[in-house]
Every structure is written in C-alpha cells, then in structure tokens.
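Trainee: These are the residues of each chain, in order.
Number of protein chains: 2
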Amino acid sequence: MEAEDQLIDRIARSLSSGNGRAKERGGAGSLVKFGIGDDTALLSPSGESDCILTCDAFIEGVHFLRDLHPADSVGYKALARAASDIAAMGGIPRAFLLTLALPQALTGRWLCHFLSGMKRAARNLGAQLIGGDTTQSRQVFISITVLGQTQRGRALLRSGARPGDLIYVSGRLGHAQLGLELLRHGVAKRPSRDRALRAALRQHLYPAIRVELGAWLAQRRIPSAMMDLSDGLSTDLPRLCRASGVGARIDSQRIPCVEIPPRAASGLRRVQLNPLQLALDGGEDYELLLTVPRRNMAILRRAPGFSQLTAVGEITRERKILLLDRNGRAQPLQPRGWDPFRTVQGEIAGSRY
Amino acid sequence: MEAEDQLIDRIARSLSSGNGRAKERGGAGSLVKFGIGDDTALLSPSGESDCILTCDAFIEGVHFLRDLHPADSVGYKALARAASDIAAMGGIPRAFLLTLALPQALTGRWLCHFLSGMKRAARNLGAQLIGGDTTQSRQVFISITVLGQTQRGRALLRSGARPGDLIYVSGRLGHAQLGLELLRHGVAKRPSRDRALRAALRQHLYPAIRVELGAWLAQRRIPSAMMDLSDGLSTDLPRLCRASGVGARIDSQRIPCVEIPPRAASGLRRVQLNPLQLALDGGEDYELLLTVPRRNMAILRRAPGFSQLTAVGEITRERKILLLDRNGRAQPLQPRGWDPFRTVQGEIAGSRY
Numbered sequence: 206m207e208a209e210d211q212l213i214d215r216i217a218r219s220l221s222s223g224n225g226r227a228k229e230r231g232g233a234g235s236l237v238k239f240g241i242g243d244d245t246a247l248l249s250p251s252g253e254s255d256c257i258l259t260c261d262a263f264i265e266g267v268h269f270l271r272d273l274h275p276a277d278s279v280g281y282k283a284l285a286r287a288a289s290d291i292a293a294m295g296g297i298p299r300a301f302l303l304t305l306a307l308p309q310a311l312t313g314r315w316l317c318h319f320l321s322g323m324k325r326a327a328r329n330l331g332a333q334l335i336g337g338d339t340t341q342s343r344q345v346f347i348s349i350t351v352l353g354q355t356q357r358g359r360a361l362l363r364s365g366a367r368p369g370d371l372i373y374v375s376g377r378l379g380h381a382q383l384g385l386e387l388l389r390h391g392v393a394k395r396p397s398r399d400r401a402l403r404a405a406l407r408q409h410l411y412p413a414i415r416v417e418l419g420a421w422l423a424q425r426r427i428p429s430a431m432m433d434l435s436d437g438l439s440t441d442l443p444r445l446c447r448a449s450g451v452g453a454r455i456d457s458q459r460i461p462c463v464e465i466p467p468r469a470a471s472g473l474r475r476v477q478l479n480p481l482q483l484a485l486d487g488g489e490d491y492e493l494l495l496t497v498p499r500r501n502m503a504i505l506r507r508a509p510g511f512s513q514l515t516a517v518g519e520i521t522r523e524r525k526i527l528l529l530d531r532n533g534r535a536q537p538l539q540p541r542g543w544d545p546f547r548t549v550q551g552e553i554a555g556s557r558y
Numbered sequence: 206m207e208a209e210d211q212l213i214d215r216i217a218r219s220l221s222s223g224n225g226r227a228k229e230r231g232g233a234g235s236l237v238k239f240g241i242g243d244d245t246a247l248l249s250p251s252g253e254s255d256c257i258l259t260c261d262a263f264i265e266g267v268h269f270l271r272d273l274h275p276a277d278s279v280g281y282k283a284l285a286r287a288a289s290d291i292a293a294m295g296g297i298p299r300a301f302l303l304t305l306a307l308p309q310a311l312t313g314r315w316l317c318h319f320l321s322g323m324k325r326a327a328r329n330l331g332a333q334l335i336g337g338d339t340t341q342s343r344q345v346f347i348s349i350t351v352l353g354q355t356q357r358g359r360a361l362l363r364s365g366a367r368p369g370d371l372i373y374v375s376g377r378l379g380h381a382q383l384g385l386e387l388l389r390h391g392v393a394k395r396p397s398r399d400r401a402l403r404a405a406l407r408q409h410l411y412p413a414i415r416v417e418l419g420a421w422l423a424q425r426r427i428p429s430a431m432m433d434l435s436d437g438l439s440t441d442l443p444r445l446c447r448a449s450g451v452g453a454r455i456d457s458q459r460i461p462c463v464e465i466p467p468r469a470a471s472g473l474r475r476v477q478l479n480p481l482q483l484a485l486d487g488g489e490d491y492e493l494l495l496t497v498p499r500r501n502m503a504i505l506r507r508a509p510g511f512s513q514l515t516a517v518g519e520i521t522r523e524r525k526i527l528l529l530d531r532n533g534r535a536q537p538l539q540p541r542g543w544d545p546f547r548t549v550q551g552e553i554a555g556s557r558y
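Top to bottom, those sequences are chains A and B. The opening position of the first sequence corresponds to residue 206 in our numbering, with each subsequent residue numbered one higher. The opening position of the second sequence corresponds to residue 206 in our numbering, with each subsequent residue numbered one higher.
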C-alpha cells in the first residue's frame, strides 16, 4: 500500500466511526449510506428534509499562522467555522468532506494533533467524515464541505428581514478578535492559568457554534432572517440588509461587547483595544445575527438560549445602516470587518458565499 | 461593497445561471432551491434519488504548473476531474461548490480565463455553481465539491467485483500522461496545428468525462463494480480489487494504449516513452474501469458507448494483481501510478478518497 493510501486510512480511522461502510446514524436523521472508501459518499435523503451545503477554506498564512495556532485548534476551528454556516440556516450538521493539502513534514505529530482537534469538533457537532482528498503542498490548505439538514421549508435565509423587525445577536461579540490579539502580542501563553484570558482565547481557538439555538428558532419559524457573524457585525449586518432590501439602525449602547480582562488590558496597553470596535469589526465570533418580527417576541422568550440573545436595534425601510453613538446620534456604520483581499499577507481573514 | 464581495459577485455571475435564487432545473432532476447568496445552498432532494458527494483538490505546483497550463484548462479540469468521481458511481453531476484561493495578482486576466474554462466544463457536465469560498493566498488552491444524483439504490461501488467477472476500461489509456509529457518537453505548443498532437493534449488539458456511459450502465445494473482511472490502471485496479476482496489478471496485449503521434515520437526521443507504461501508470485519464458478470454481456453490447469499451482481463479469486506479458507469462503488476506523497515538488499528481 502506498504512502497516500496509508495517510487516507489514518485520516479515516481518526475521524470516522466506521471503516468504509459508515454506520447509519440512528433515528430519522439517518442519511449516510456509505462514507469513505469509494469514489464518492452515498446519501439517501428522506424527502422530508432539505439538505444544505456549504464549503469553507482555512489556509495557513491567511486564516491561521502555524507558529501561533496549535494544530488541534486548526483542526477544530476548520470544521467548526464551516459548520457555523449550517447553524446560521437553522440546520443540523450531518456530514463533512475534508480537502487537506500539507507539507510532507507535517504528516507526523502536527497531523495527529490536527486530527484530534477535528475529531473533537466533529463529536461536538454530531457530524461524520464521509470523504475527502489529501495531497502534498508547500503550505497547509484546508477546505471543508459540510452537509446539513433542516425540516423541509424551514431553512432561515438572509433575505426575509422586514422594516420593524428587531435585530438580535447571540453571545458577546469581539471575543474571537480579542483572543487573536492576546495570542499575537504574547499576552496569553496557551494554556493560560488566568481564567478570564482562557475564556477570551477559547472562542478564537475552539469556537462554540450555536447549532441548538439556530435549529430551535428555525423549527418554530421565529426569525424572519438569520446568518452567522463570521466577518464582524459591521460587515455582516449590511450583507443581511442587502439580501433583504432593507436598512438597519443599531444602538452602540446595547451591543453586548466583550469585556477585556484586567491582565489582558495591561498587556495590550500598546494596542489600544476598544471593546465596541472589537464587537463591531472583529471577525470569527460565529454568533448568530437574526431579525425577529414583533409578533414572534412571546415565543422567542421561550428559546432555550434566550438569555444569550440581545436586541441591538431595528430593521428600517430606509436602506442605510446606522449606528447610534453614546449620545444618541446616528452615524453611518462603516464595514470594517475582515476581507482577505484587503488585508496583507500574515493577517488573518476569511469569509464565504 | 468591499473587494471580496465584488469578486464573489464576479464568480457568481460568470458561473451561475441565476443571481442568488437559482433557477430550478427542469424535470424530475430539479434539486437546487437556492444557490449562491446565503450562508449555504439549499437543496430539496426528491426521495427517489440518492445523492452522491465528492471533493477534489487542484493545487498549483502539485496538480498543475502556472507557466505550463493555461488558466482556462485549470478551470475546466478542476471541475471535470471532480465530476469524474460522480460518473464513476454512475451518477449525474448536478451542482458544485468552488473553494478558490489565489494571489491578488491573478484576480484579473488569469481569473477571467479560469472562470471561462470552468463555465465550459459546467455546461458540458450540466452542473450548476451553488456556493463557495474565495480568499487570498500565495499559490493557487482549488477545491471542488460536486453533488450528483443516482436512481435510489443504483450507485455503482468499487466493492462488488466477483471472480470470473470481465474487466473493462473505456477509451484509450495514457492520453493524459502523453499530453503532459508533450507540454513538459515543449513538443506541442498550444494551440498545436498537428491534429494528432491536439488530440493527445486534449485529454490532459480538457478531459472528457464519461457521464452518459456511466449513468447508462448504472441504470441497468450491468457492472458489478466501477471506478474512474485517475491515478493509472496499475494503482486503481488494485484499489478496486482490495475493496472487492478479489484479485485480477489483465493482458498487456489487450490494453488499449495511446498511440504516440510520429511528430511527438521524434520530439520525445530522449524521454523514451512506452505506450504500455503510459497506459498502465499514467494518471488523469478519467476513463471508467468496470467489472461485468458474464451474464450481463448481452446487455453490455447494447451500451451507447460499447465500441469505446475494451475487455482487458478477468477478476480472480486469488488476491493477486497479475499482468500477462507479450509472451503470456504472468507478472505481478506494480502500482506505479502517481502518489502526491511519493513525488517531489514540481511533479504533477493527485487522487482522492
């Protein structure tokens, strides 16, 4: 057996539950008939569900730096960020394909940690590896395709927001960007003993994805529109508004900003971090951005993650994106989230279509 | 609108039939409800078909060289070779996702030709772009995910070959490898005026994929096993045999080898090309390799592409892969197809799982 086939076997053994013929997943969600081991994976969708499909690149020197990001975080995050698009539609991740190109020198210890991180993400998300492609390259290239399911007709698009709908975000925004700054400036060595720093790093290295909340909301058709925050609220909110043909007004005082831990604040004094700016422009939070018609407010309050949701503003008829400052003055919100074609090499960026 | 969003719009306009809400494809094959423009694509499978899913990497310096391969060929081949896995299951390609990472400097003319090549492949294959991810990187990295459909239960796996089954290949083997050698050694400048050279180059630059033949065979359940020849017969036949738990004996005199055009032969004198070796070890032919129980021979003769099929040997109970030489002596067949982890940088290689 040649080198590549051995590597494929190792990846398959590390990540998949079965050898070749994948075990059927229990219950009505059963979908995968055959995973790794043939020319393609084979799926038998039930006809009661819709399938949703997304792909996401994760590239050394663009989305991560090999000397800054541990290999298990690269594996974890590559899958988690791709699955975030599934959560953003209100779907459940079911299966994924892994395209992995890497230097021969990384096929030992580095790959082992990478696969262990990815396996942990796959278990957390309930997604099964069903295929992929592995090859050699000078830098690490990862592309993940995730297949998810929603109840037929219940997927949540970006295009349904209407004037008067309330705008919600989940969680606190800016965590991931703060985590990156901590790593970059050597404030937090991983693993950090400081609990506050650890929390700030976690969303950057091992992002939690809002699958349950997204699916609960979609099943009950509560939001009029939903997407995930991958490039920052200031970039992603305009995208949702463009798709819906509306505008928005959000209140800077209501945005749930990341808190900068005291140890980080002193270590990052030179960087001059502003919590609001981190929350507006920081990428990779993978929180949900949703718009909710007022008639659905009563049901929304019953959401299992309702305490995690914050109303930050309102959808408007006028197609402008406005930010109310602390004095109540409305300013146009500038999209300053990350764009891989605007950043220079060595910065970290990414998004998808 | 920022640079990345503009690029995404350009890719979407170049490759997709609709803007955002993808037009439904006519007939029972209708599957795609929503393509580009949201977090994920949305598909409503009918319940009468199985879905098949595969991904395939195509990387600068590994699978193609930027100074040797025209951009439109890179676009064409990236999609065609991924779709070949769908044909190998007897499926029809329906939709694809494109992960594209490239240097800023290539987003002009190079990208334009790349997209035009990919559009031509998409039209030939009947596949629609439904999503993707675009980012910046130092080298060109492409990963394509193709979604196909087969009639429920009719997908052709590698694992069904049984002793006594006849082994068939489609087309002539070694064309793609010969085309690569012609390019490498500067024998054929593209476009070549020599018709024989043009034919030899075509399968390397713009590979034809056997979608119709594969689907016809699968619908009638004629083969017991099928796969595509992406890494060379000497590497792919052992894979089929391993999956089926059998061996094989093929006859070197029966293998439909590429003919080396006289002009190429003189230009390639130093390279010492052997047609049989090209046919056995040359990668990227994307022809079909299938095994057929003798009871299905009568129906096989009615296949629309039957004249393109050649019986090259027989499946055996003994798990050895043997090649009968010109004197009728059986030799073990050495797998000498390409393996990206065995080749050095600058060579061209690839395969998938």
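These aren't lab readings, by the way, just hints derived from the structure by calculation. A quick note: this is a predicted structure, and the numbers were derived from the prediction, not measured. One thing to keep in mind: the hints can contain errors.
As the list makes no split between identical chains, a pair holds if one copy fits it or if it spans any two.
[Stated by the list, open to error] Taking lysine to aspartate or glutamate and the DMTMM-like style, the derived pairs with C-alpha atoms no more than 20 Å apart in a straight line are:
# : residue 1 : residue 2
1 : K238      : E253
2 : K525      : D210
3 : K238      : D214
4 : K525      : D456
5 : K238      : D399
6 : K324      : D399
7 : K324      : D530
8 : K238      : D530
9 : K324      : D214
Trainee: Next, verify each hint and record whether it holds.
Mentor: For each hint, the structure was consulted:
Both within a single protomer and between protomers do K238 and E253 lie at most 20 Å apart by alpha-carbon distance, with minima of 17 Å and 15 Å respectively. With identical chains, the CA atoms of K525 and D210 are at most 20 Å apart between copies only, with a shortest distance of 18 Å across copies and 54 Å within one. Taking the shortest alpha-carbon separations for K238 and D214, only the intra-copy value of 19 Å comes in at or below 20 Å, while the best inter-copy value is 36 Å. When the C-alpha separation of K525 and D456 is checked against a cutoff of 20 Å, the pair qualifies only within one copy, where the shortest distance is 14 Å, while the shortest distance between copies is 72 Å.
When the C-alpha separation of K238 and D399 is checked against a cutoff of 20 Å, the pair qualifies neither within a copy, at 46 Å, nor between copies, at 48 Å. Taking the closest pair of Cα atoms, K324 and D399 never come within 20 Å of each other, the shortest separation being 27 Å inside a single copy and 53 Å across copies. When the C-alpha separation of K324 and D530 is checked against a cutoff of 20 Å, the pair qualifies neither within a copy, at 43 Å, nor between copies, at 47 Å. For the homomeric pair K238 and D530, neither the shortest alpha-carbon distance inside one copy (54 Å) nor that between copies (40 Å) is at most 20 Å.
When the C-alpha separation of K324 and D214 is checked against a cutoff of 20 Å, the pair qualifies only within one copy, where the shortest distance is 15 Å, while the shortest distance between copies is 34 Å.
Checked against the numbered hints given earlier, the structure breaks hints 5, 6, 7, 8 and satisfies all the rest.
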